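K.L.:
These protein sequence lines are chains A and B, in that order. Okay, so the first sequence: first residue is 1 according to UniProt numbering, each after it adds one. Okay, so the second sequence: first residue is 1 according to UniProt numbering, each after it adds one.
One or more of the hints may lead you astray.
To be verified - Heads up, simulated DMTMM-like pairs for lysine to aspartate or glutamate below, C-alpha to C-alpha not over 25 Å straight-line:
(1) K56/A <-> E223/B
(2) K206/B <-> E251/A
(3) K56/B <-> E207/A
(4) K206/A <-> E251/B
(5) K56/B <-> E301/A
(6) K56/A <-> E279/A
(7) K202/A <-> D137/B
(8) K165/A <-> E143/A
(9) K140/A <-> D276/B
(10) K109/A <-> E301/A
(11) K56/B <-> E223/A
(12) K142/A <-> D137/B
(13) K140/B <-> D137/A
(14) K142/B <-> E279/A
(15) K165/A <-> D78/A
(16) K142/B <-> D137/A
(17) K142/A <-> E279/B
(18) K140/B <-> D178/A
(19) K56/A <-> D226/B
(20) K142/A <-> D276/B
(21) K56/A <-> E207/B
(22) K140/A <-> E279/B
(23) K202/B <-> E251/A
(24) K140/B <-> D276/A
(25) K165/A <-> D178/A
(26) K140/A <-> D137/B
(27) K202/A <-> E246/B
(28) K296/A <-> D111/A
(29) K142/B <-> D276/A
(30) K56/B <-> D276/A
(31) K56/A <-> E203/B
To be verified - Derived CB-CB ranges, DEER-like:
(32) K198/A <-> H319/B: 45 to 51 Å
(33) T250/A <-> K197/B: 29 to 35 Å
(34) P210/A <-> E83/B: 41 to 47 Å
(35) K197/B <-> F318/A: 38 to 44 Å
(36) Q312/B <-> E223/A: 39 to 45 Å
(37) K197/B <-> D189/A: 52 to 58 Å
(38) E199/B <-> K198/A: 55 to 61 Å
(39) F234/A <-> D32/B: 42 to 48 Å
(40) P210/A <-> G13/B: 30 to 36 Å
Because the hints were derived from the structure by calculation, they are not lab data. None of the values given here were measured: they were computed from a predicted structure. Ideal Cβ placement from N, Cα and C applies to all residues, glycine included.
Number of protein chains: 2
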Amino acid sequence: MNREFLLVNRPSGMPTDENFQLRTSPIPGISDGEVLVQTIYLSVDPYMRGRMSGIKTYTSPFELNKVLTAGVVGRVIDSKNNEFQMGEIVEGRLNWADYSVTSGKGLRKVDPNLAPISTALGVVGMPGLTAYFGLLDIGKPKEGETVVVSGSAGAVGTVVGQIAKIYGCRVVGITGSDEKNAYLKNELDFDATINYKKENVKEALKEKSPNGVDVYFDNVGGEISDAVMRLLNFQARIVVCGVISEYNNTEAAYGPRIQRFLLNRSALMKAYIVSDYYERFNEGYEQLGKWVKEGKLTYRENIIDGLENAPQAFIGLFHGENIGKQLVKVCEEDKL
Amino acid sequence: MNREFLLVNRPSGMPTDENFQLRTSPIPGISDGEVLVQTIYLSVDPYMRGRMSGIKTYTSPFELNKVLTAGVVGRVIDSKNNEFQMGEIVEGRLNWADYSVTSGKGLRKVDPNLAPISTALGVVGMPGLTAYFGLLDIGKPKEGETVVVSGSAGAVGTVVGQIAKIYGCRVVGITGSDEKNAYLKNELDFDATINYKKENVKEALKEKSPNGVDVYFDNVGGEISDAVMRLLNFQARIVVCGVISEYNNTEAAYGPRIQRFLLNRSALMKAYIVSDYYERFNEGYEQLGKWVKEGKLTYRENIIDGLENAPQAFIGLFHGENIGKQLVKVCEEDKL
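Isolated chain A, as found in the complex (with noise of 0.2 Å):
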């Protein structure tokens, strides 16, 4: 049997389990040129949450009572397709379920030789390309710059400060825990953390950032990121990427107006989301890869066990469970 989430009804404010249902049905056949994949990995992230508001933004909504999709590594179990084999592993994205069916477009091969499958839907993955993209492409950072990353301790952010630290950069992370600044300090060797559940911001970047801020990649918005803004040095660039602290408001967020703090220091603001970059998405993946290999480039996983938990870990990223890569483990990597 294929167990399948479905979006019944939509969140107003944080998610939570009504949104979701669970229904089992029998597994699909497939017709000619489709693929049956195997749910190994299910990802999930925080853009999803726009998705479910219903409202068209760059990715069009999820539909109600239609199933979830995600970023799956799974194993093709079942190919009507000459491009994809029984047993390969493969990335996509596919559905909050045990099976998918799918035509086999944007189905990307993992090689499970070169490192963990898993890593295909982190830093490998969508998360890693995010980080590359947005760091190199919008905040170009130079030698003995300084780099501010918000939300640093999630999928995105570990990434971004370490590309940085590749880069020769003096990174500071900014968390809402002490369990996450030691490992950004201790295990990514980023230069400096704040808590900012425990710190005022603006004071504790004066502090750590004495040169000031020359790119900020900026994941979650609000009164971080108002902190951060008073700091930015001459040309500074800001990515933003993220407003997780905005996801699930359900009134449009006030604060301060910014075009003066970008005016005072000629800023540059610049949104964007990973698929702006599809044509280079290759150049991402091998990069990656290489600095995986070599050791540069280090990640955590936070795996929950079994699809009915999918929602859960979901949720969980609002409130700030993870460190790394949220992922759900749907079934075992060699019990297929």
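Given chain A, work out where chain B should sit, using these hints.
P.N.:
Frame of chain A; chain B shown alone:
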């Protein structure tokens, strides 16, 4: 005798006459290497408000009880500098005064046979360069795109709109008066205009900018910009040139946070000041001069007579009084 304006106290909110004081003293002599310039036209510009605040931004603040500086077009009436001869017309950052002594650094010669010399403070001066580099280098308008300009009847906005037309764009101007809008439509060939004092900007923009907004050239900030932000197209570019709606605020301005709007459209927002492009000024002067000569770029000047009225001319900028470039005529061109 020489009359000079000093800044005697810093404005809180809207500037008033009380902030300025006229001092009379003998015309200064010059030393080796120096030039004495008699002011013909004095430029007043919104950016000066920032310098009066005493807050260090991109330019150093005006000092209290010192003579104010401004863009000046004048005539060399004495010179101990080989590069400048008596009788030559020059433009540079000089004093709010009848006469200024300068080392000649940053002083530019103005050819009175190419165009009226006053244009060296406007369409072929700092405001023209501001429009040229901001629109083309940041806004990067493409043929057929829609360019929205706020503060569009000012010295910068009028040039922005006309360059956008040269580039084949649909141009929508936002001002606070029907008279200004008639000028933009009838004389500068803008495609549409909005009077923000009479119209709901968002609704009007939906109607007058049916294909959305690709480039937003922002001189004003505040609620007008909030409205435009809701109609951005994918990969839109926002050129942050000024925030005239905020210059006289005594407290930080609050408004809807914009990161989310940027994210939904992968939009760019870049602030700048014209001096960021210092090394390309000659390119700008040449192109602007060429367009003026070809009749592709027209301009209007609002001229107030008498140095003694400079503070009023400056304050008028914040009441939306001027169409085109606001100048103060300090002496007649031909009466030197």
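K.L.:
Does each hint fit the structure? Answer for all of them.
P.N.:
Okay, the hints, checked on the actual structure:
Of the pairs offered as hints, the one joining K56/A and E223/B holds, with about 23 Å between alpha carbons and a cut-off of 25 Å not exceeded. Proposed proximity of K206/B and E251/A is supported: the alpha carbons are some 22 Å apart, at most 25 Å. Of the supplied pair hints, the one linking K56/B and E207/A holds, its CA atoms being roughly 20 Å apart against a limit of 25 Å. A C-alpha spacing of about 22 Å is found between K206/A and E251/B, which places the hinted pair at or below 25 Å, so the restraint holds.
In summary, the hint linking K56/B to E301/A is not supported, as the alpha carbons are separated by about 45 Å, beyond the 25 Å threshold. In summary, the hint linking K56/A to E279/A is supported, as the alpha carbons are separated by about 23 Å, within the 25 Å threshold. Between K202/A and D137/B, the direct Cα distance comes to roughly 32 Å. Violation of the 25 Å bound is thereby established for this hinted pair. For the hint pairing K165/A with E143/A, the CA-to-CA distance comes to about 9 Å; that is within 25 Å, so the pair holds.
Distance check on the hinted pair: K140/A and D276/B sit about 18 Å apart at the alpha-carbon level, within 25 Å; holds. Among the hinted pairs, K109/A with E301/A is consistent with the structure: their alpha-carbon atoms are about 21 Å apart, no more than 25 Å. For a cut-off of 25 Å, the pair hint linking K56/B to E223/A stands: about 23 Å separates their Cα positions. Note on K142/A and D137/B: the hinted pairing holds, with a Cα-Cα distance of about 22 Å set against a maximum of 25 Å.
Simply put, K140/B and D137/A have alpha-carbon atoms about 18 Å apart, close enough for the 25 Å limit, and the pair holds. Between K142/B and E279/A the CA atoms are separated by roughly 22 Å; this keeps the pair inside 25 Å, and the hint holds. Taking the CA atoms of K165/A and D78/A, the gap is near 43 Å; set against the 25 Å cutoff, the hint is violated. At most 25 Å may separate the alpha-carbon atoms for a hinted pair to count; K142/B and D137/A meet this at roughly 22 Å.
Only pairs whose Cα atoms come within 25 Å are accepted, and K142/A paired with E279/B is accepted, the gap being roughly 22 Å. For a cut-off of 25 Å, the pair hint linking K140/B to D178/A is broken: about 44 Å separates their Cα positions. At roughly 19 Å between alpha-carbon atoms, K56/A and D226/B fall within 25 Å of each other, so this suggested pair holds. For the given pair, K142/A sits about 19 Å from D276/B by alpha-carbon distance, which is consistent with the 25 Å threshold.
As the CA atoms of K56/A and E207/B are separated by approximately 20 Å, the hinted pair is consistent with the 25 Å bound. Simply put, K140/A and E279/B have alpha-carbon atoms about 22 Å apart, close enough for the 25 Å limit, and the pair holds. Under the criterion of a C-alpha separation no larger than 25 Å, the hint pairing K202/B with E251/A is consistent with the structure, at around 19 Å. With a C-alpha separation of about 18 Å, the suggested pairing of K140/B with D276/A holds against the 25 Å cut-off.
Proposed proximity of K165/A and D178/A is supported: the alpha carbons are some 21 Å apart, at most 25 Å. The suggested pairing of K140/A with D137/B holds, with an alpha-carbon distance near 18 Å, which does not exceed 25 Å. The suggested pairing of K202/A with E246/B holds, with an alpha-carbon distance near 23 Å, which does not exceed 25 Å. Between K296/A and D111/A the CA atoms are separated by roughly 20 Å; this keeps the pair inside 25 Å, and the hint holds.
A C-alpha spacing of about 19 Å is found between K142/B and D276/A, which places the hinted pair at or below 25 Å, so the restraint holds. Of the pairs offered as hints, the one joining K56/B and D276/A is violated, with about 37 Å between alpha carbons and a cut-off of 25 Å exceeded. Annotation: proposed proximity of K56/A to E203/B holds, straight-line Cα distance about 19 Å (limit 25 Å). Between K198/A and H319/B the beta carbon distance is about 48 Å. The supplied range of 45 to 51 Å therefore holds.
Look at T250/A against K197/B: about 32 Å separates their beta carbons, and that is inside 29 to 35 Å. Hint check: P210/A to E83/B, Cβ distance near 43 Å, so the stated range 41 to 47 Å holds. At roughly 42 Å, the beta-carbon separation of K197/B and F318/A lies within the given 38 to 44 Å, and the hint holds. A hinted range of 39 to 45 Å for the beta carbons of Q312/B and E223/A is consistent with their spacing of about 41 Å.
In this structure the supplied range 52 to 58 Å holds for K197/B paired with D189/A, their Cβ-Cβ distance being about 56 Å. The hinted range of 55 to 61 Å is not satisfied by E199/B and K198/A, whose Cβ atoms lie roughly 48 Å apart. Distance hint for F234/A and D32/B: a CB-CB separation of about 35 Å, inconsistent with the stated range 42 to 48 Å. A beta carbon spacing of about 34 Å between P210/A and G13/B agrees with the range 30 to 36 Å that was offered as a hint.
Hints 5, 7, 15, 18, 30, 38 and 39 from the earlier list are contradicted by this structure; the remaining hints agree with it.
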